[in-house]
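Q: First to last, the sequence lines map onto chains A and B. Using my numbering, read the first sequence as starting at 1 and increasing by one per residue. Using my numbering, read the second sequence as starting at 1 and increasing by one per residue.
Source of the hints: derived by calculation from the structure; they are not laboratory data. Misleading hints may appear alongside valid ones.
[Unchecked claim] Distance ranges between label pairs, derived from CB positions: (1) B:ALA153 <-> A:ARG146: 25 to 35 Å; (2) A:PRO20 <-> B:THR6: 40 to 50 Å; (3) B:TYR84 <-> A:ASP129: 41 to 51 Å; (4) B:GLU76 <-> A:ARG146: 25 to 35 Å; (5) B:MET95 <-> A:HIS246: 55 to 65 Å; (6) A:GLU247 <-> B:THR80: 51 to 61 Å; (7) B:ALA183 <-> A:GLY94: 28 to 38 Å; (8) B:ALA153 <-> A:ASP2: 50 to 60 Å; (9) B:MET95 <-> A:MET1: 20 to 30 Å.
All C-beta atoms in this analysis are idealised placements derived from N, C-alpha and C, irrespective of residue type, glycine included.
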Amino acid sequence: MDTMRERFITVTTELLDEDPRAALVLADISASSFGRAAEAHPDRVLNVGIREQLMIGVAGGLALTGMRPIAHTFASFLVERPFEQIKLDLSHQGVGAVLVSALGSYDWPAGGRTHMSPGDVALLDTLPDWTVHVPGHPDEAEVLLRHAVADGNRNVYVRLSNHQNAEARQVVPGEFLTVRQGTRATVVAVGPMLDAVLAATEGMDVTVLYAASIRPFDAAALRAAGSTDVVLVEPYLAGTSANAAHEALADLPHRVLALGVPRAEHRHYGEMDEHLRAYGLDAEGIKGKLAGFLRP
Amino acid sequence: MTRTYTDLPQLMGRMTGAEKHGPAALSTLDALWVLYDRVLYGKPGDPDRDRFLLSKGHGPMAYYAVLAAKGLMPEEWLETFGAYDSPLGHHPDRMLLPAAEIGSGSLGHGLPLAVGTALGLRAQGSEAATWTLIGDAEFDEGSNHEALAYAGALGLSRLHAIVIDNSSATHGWSGGIAARFEAHGWSTATVDGHDHQALYTAYTTPHPDRPHAVIARVEPKN
């Protein structure tokens, strides 16, 4: 099985062959994997070197001429470092790009804080009209990436991770999928969190919604699930989607429990599973939080 | 009505409300006029038009006056400068003013956007030129240095930067700004920023296989 990042490279190479509007902007990360694509399309595969501000500016400039740019590097350098460029060179100019990250929040804990970006989705939430996809499997990443590039001129963030579920789901871009039905609460599992959520809720009378697309937030699916007790389980900052959940249920008395990566810097190295356990995002941790939240 | 350079002071006088931006506006007036009057090809909306990206978005009065003089926006708009419903802010917004290629104000965005624009035009087989105008203090922003190094390495021959140098950078640029561009393989010319013929000659100097920077020197800010 390939990783989501490997699938991104395969699919983007194909898209560059198929779509003359498509362009890829890199800042050295993954550049060696796009060697064939760069040879085939030297004017549309652009490696700017280790220059992330420029990467976003170039994406904005390409979009101003009518092209569909894809920009890619690790999330911390793609979203956090050049954030004002995202705000001004894309959103404010009224143009769009597809930003595709790798590493996310805890993919490489041995690499330390400099390569963790649990705040990326919350940062994009400060800007208007972004679509955010958080696939949980390489097959889903392919569906969502193809949709993102074809999605007009919208600004789209595709968040790729080494953390993935065992099975791909039949995801529909923009929609939550109902994976399990129950009455005592609705648990929204975002992307790679689905397997742990399913294990944690085994035998519990709860609905599990699967979100491989988290922005726009599928408020209709949350309301249709029926319960006004909502648990969010996200692979980035805890509470990132809490406002969206509150907004979806604003006219109803409701409760929201938001699980995710803590704000406090977790100054440990190690492996992904050790970090998920420490954050309470493994099945046992989620189960414990749920037990405390469910009404008797 | 055909407007000439001598009409520009009157057009600028129709705007009020940004007096502190006056010196910045006057420093760019001649550079902008020569560019729009004698160099840029094509009108807004033409996909093959030359692009001008005003990066130094503060003090846009000269820019607005030149656009009005060249018939690229209604002169009546000048009187609305800075008002709630006006398309003309103290920094330009391309979504409100179609003649503006970018919205600007925050420094250090025009040159990177211009690099992307030049690349996008090249990828689509267009010969259109891309121009951007920055200030010598704006040149402090690191994003400009990312852009000029990359554009030089690629030899982006349809890219042009105009740098208005009024010696306002806090720590200055030892040896002159042109030296930075030259170090990265750009063609450069440094001229009197009020001399129309010198500006025109600098703008139209051939620069095969490399981008071109025109440093327009004007009176120091302080």
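Q: Indicate, hint by hint, whether the structure satisfies it.
A: Quick rundown of the hints versus the structure:
A beta carbon spacing of about 32 Å between B:ALA153 and A:ARG146 agrees with the range 25 to 35 Å that was offered as a hint. Between A:PRO20 and B:THR6 the beta carbons are some 47 Å apart, a value that agrees with the proposed interval 40 to 50 Å. Between B:TYR84 and A:ASP129 the beta carbons are some 23 Å apart, a value that contradicts the proposed interval 41 to 51 Å. A hinted range of 25 to 35 Å is violated for the C-beta pair B:GLU76 and A:ARG146, which are about 47 Å apart.
Between B:MET95 and A:HIS246 the CB atoms are about 31 Å apart, so this pair departs from the stated range of 55 to 65 Å. A:GLU247 and B:THR80 have their C-beta atoms about 36 Å apart, which leaves the hinted 51 to 61 Å range violated. Restraint check, B:ALA183 to A:GLY94: a C-beta distance of roughly 35 Å satisfies the suggested window 28 to 38 Å. Checked against the given bound of 50 to 60 Å, the beta carbons of B:ALA153 and A:ASP2, roughly 33 Å apart, lie outside it.
Between B:MET95 and A:MET1 the beta carbons are some 44 Å apart, a value that contradicts the proposed interval 20 to 30 Å.
Violated hints, in rising order: 3, 4, 5, 6, 8, 9; the structure is consistent with all others.
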